[in-house]
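A.B. asks: Here the protein sequences come in this chain order: C, A and G. The numbering used here puts the first sequence at residues 1 to 753. The numbering used here puts the second sequence at residues 1001 to 1158. The numbering used here puts the third sequence at residues 2001 to 2090.
If you are wondering where the hints come from, they were derived from the structure by calculation, not from laboratory data. Treat the hints with care, since some could be wrong.
Simulated pairs of lysine to any residue, SDA-like, Cα-Cα distance not exceeding 20 Å [to be verified]: (1) K351(C) x E2080(G); (2) K2051(G) x R90(C); (3) K2051(G) x I158(C); (4) K166(C) x P2076(G); (5) K351(C) x K280(C); (6) K280(C) x T64(C); (7) K351(C) x I158(C).
Examples of chain C residues toward chain A, derived with CB under 7 Å [said to hold, decoys possible]: (8) K28; (9) G260; (10) G394; (11) I398; (12) G483; (13) F575; (14) G647; (15) V685; (16) L689.
Label-pair restraints from in silico Cβ distances [what the hints assert, rightly or not]: (17) F575(C) x R2086(G): 16 to 26 Å; (18) E12(C) x K1153(A): 26 to 36 Å; (19) G1034(A) x Y515(C): 11 to 21 Å; (20) N675(C) x D1055(A): 44 to 54 Å; (21) T2028(G) x A1132(A): 53 to 63 Å; (22) D192(C) x T2028(G): 30 to 40 Å; (23) K2051(G) x G222(C): 29 to 39 Å; (24) Q1156(A) x L21(C): 40 to 50 Å.
The structure presented is a predicted model; accordingly, all values stated were derived computationally and were not measured. By construction, the Cβ of each residue, glycine as well, lies at the ideal position given by its N, Cα and C atoms.
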Amino acid sequence: MPLDVKPDLKREFDVVGTRPLRPDGIDKVTGRARFGADATAPGMLIGRILRSPHAHARIRKIDTKKAEQLAGVKAIITRDDLPDHSNGERGTYDVLYNCMAREKALYEGHAVAAVAAVSAAVARQALKLIEVDYEVLPHVTDVDAAMKPDAPVIHDNIFTEGVEPKPDKPSNVARRSEFGHGNVEAGFRECDVVVAKSYRTEATHQGYIEPHACLASVSPDGSGELWVCTQGHFMIRNVSAQVLGMEISKLRVTASEIGGGFGGKTHVWMEPIALALSRKANRPVKVVMTREEVFKATGPTSSTSIDVKIGARKDGTIVAAEAVLRYQGGAFVGSWADLGAMTAFACYDLKNVRTVGYDVIVNRPKTAAYRAPSAPMAAFAVESTIDELARKLGIEAIDLRIKNAAREGTRSSYGPTYGPIGIGATLAAAKNHPHMSAPLGKNQGRGMACGFWFNFGGQTCTSLNINLDGTVALSVGTPDIGGSRASMCLMAAEELGIPYEKVRCVVADTSSLGYNDVTDGSRVTFSSGMATILAARDAIRKLCGRAAQMWGISAEAVVWEKGHAKPAGPNAGEFPPLSLKEIAAAAATTGGPIAGHHEFNADGAGVSFATHIVDVDVDRETGATKILRYTVLQDAGKAIHPAYVEGQFQGGAAQGIGWALNEEYIYGEDGRLQNAGFLDYRIPVCSDLPMIDTVILEIPNPKHPYGVRGVGETSIVPPLAAIANAVSNAVGVRMTHIPMSPPRILKALEGRS
Amino acid sequence: MPGVHVSTTVNGDRLDFVCEPEETLLDCLRDRLGLTGAKEGCGTGDCGACSVILDGRLVCSCLVLGVEAADREIETVEGLADGDHLHPLQRKFLEHAALQCGICTPGFLMAAKALLDHNPSPSEEEIRFGLAGNLCRCTGYDKIVRAVQDAAKELQGD
Amino acid sequence: MIGAKPQGERVRVTLWGSLRSAAEGRDTVEVEAATIRELFSRLGKSYPGLKPFIDRGIAVSINGQIFRDSWSQSIPKGAEVYLLPRIAGG
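Put together the whole structure using the sequences plus the hints.
C.D. replies: Here is the structure:
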């Protein structure tokens, strides 16, 4: 851990906290920015993938002869071209299996073969000529159905982990996890009021507007280049190389601009296939997914089934809380229920709490993270139950939360004790916010909910080079998914004491920088930001050393102030300050190029809390819910660029609104996805939403030089429950099935009358 | 199959390309003319990322065939700026931080231009419905609407 | 003695529920460890049932701060130490 990161919390910033234009913005408004599908190469082929039409099937035979004979087809890949390099490591084997089916197709859309051809038209035709002999097997797509003893077992080598005695029969329940402390049975006996309810949430997709796309170019000597839209190009390099048995150092991956990720682009999907095609054809191969493929063959969220029981004394003290959470992770083992079980009660100070999570396998695509993975569903179930408890107790919903909120020193429901945290502050700010007292009309209701999410650190490095003209080139290794380059430039400019416009930030490729973990876990402003600050301080030490040389004094006698080297005191000598620009111009004669860098494993990212308030209007005739007003209150530690912090709050809230009201994966009896397009998978459009108000609280994180906390994920956690609570207050029905689409609300209203 | 020769005008320039009859205008703009500003988000006209203006009308270029562009006038995001002077919409999108990942931005700029061309002083509701054919997954639309409101004001000379 | 490693303090580690069966049903265990690396090494030796979990990847919370890969991280005396699943974000 670096020595000098303790933040000076009373610091007045010069540029941090302002709202300058982002450096990559102009290319994005002129169409110049290049995203995943915007690259081309001479001799490029188009790659297309053949996918299983069955939810579960043994692949007996794949005959590619006819396709190979089609003019213009240059390479065809099947499982036979992808030997297993995993060395028994399950995670790597699962990635390989998900890239292309081996013995079985495990979900509708599972890749079965791939073709590279001179044009998209020829590639499409070639796919039609590939003959696959499937033995269709019984399938299961529902999380509860998959747990039943008579469910078709998808993997015969998965035995439930975390249960005693160890089972001797394989099942779809991959693991059972448990968290908590105290004695919930005794706790419930002490309660005056207990509420127990069950909930279900359907699967959703991150819905990034840019489909996965890459351009791969592999040479016969095993070296390769990959252009790809991803949240982690170093991860893509490592995993692709592992899967294909390539040497990591021979693969150079460049991250394109990325058109949205939200967690769905933190894994490999078809990149190894593109590389394999290119390797076989010895030509560059471009693979771009269609929207249908994105829905069917990337990483949606879990669908869940959750039971919650919460009990309190008359005075509103919650004494015991319990949840059982069943999450499906698609066709491969995941740990999504773990996350749900850990976050479910994380907002509260509870003496007795127990959460049990079941990770279940179904014939669906492999689940991936969507902002704060697994937390929104658990929060939906818990926060809805808290509101029901408040109603039964006759206590205001917000007051019940304030009374039981976690605070510094609380033992969290997932184990460790909290340090200073922001939930109390967000609740207090919410209670006093004008939104809480705005008038409501008939069939209108207000709801609120709290949300929790972890923040991560991770392996990070940056390199900061001082140019001859005194401008600064900053290289980071975390793809920019939300405007982080602007924040990096602000932090570098702040440390160096130079104008923001003098710093340029690029996302370097894998050959130009050391390893960086993916952009996820709300980690970039925290980790790459901290690395940038420390790299700048490293550069400052060197700049001072150069100034010392130019003056002929000792380096210890030089200090850095507002972009200039100055003698430390009158004893050091009478020298006018030297600007960064002057020192840079003389670099050749003082030792050569000047740079600073920092490599580390960032830690101490802390946790993040938010409170959301929403007003809705429910149409009793159609069941449609309109969002009238929405407010996000969240702690950012320190908002480096407030406009982009607001953007994260608003974006997460909008996604949560879509998830709460409309978005779901609809499966047919045949195990096929019925709504694999944006028409029937309905995400919010401009006319669905009002302006989204944001309140940025700044309770500094003691582990970051400027106090930064990650913000990107938490705002997707409260909306599902906040909206469910608002609907309940608007028309008196407790919705327990997400999304609360019009047919479901109508049914609930009919059931009531 | 013999290709079809298409002559068209894009951003005021007379251009020619050869395409297959089944190629969309989006394919032709991106792959034949190298104008990659318009994006494919869905290929079925549901996301608006491919929005261009065709003879003054906002269209999804993925729903127009390349051959239909013959002798017509197309405006794309690459033609919005006047030389090195950004269009007020472009400037306001930057000032209001109305983009995060930026993939939907070209489509939104064209949709907003088409809206303001027909309705120079739209209300917030008119802006929201005028842009309802363009999906954004990052911003929640708040800053996009504010940028369009501000651009409308500037274009009106307020 | 020159070159000897410093003696680790006795560290009390709380396990999350699913690990307890791998540690003979205990929810807290004690080992001597000065760093996370030593902690994993000694836990794996004392409770072989925990080894597969450690190999697969475990996060360690020290006084509320979560560490995922920083195995040289020292464990202060009397610190509250939890083992947690190695979670990721999106």
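A.B. asks: Let me make sure I understand: some of the numbered hints might not hold for this structure. Which ones are they, in numerical order?
C.D. replies: Checked against the structure, the hints that fail are numbers 4, 5, 7, 10, 11, 13, 17, 19, 20 and 24, while the rest are satisfied.
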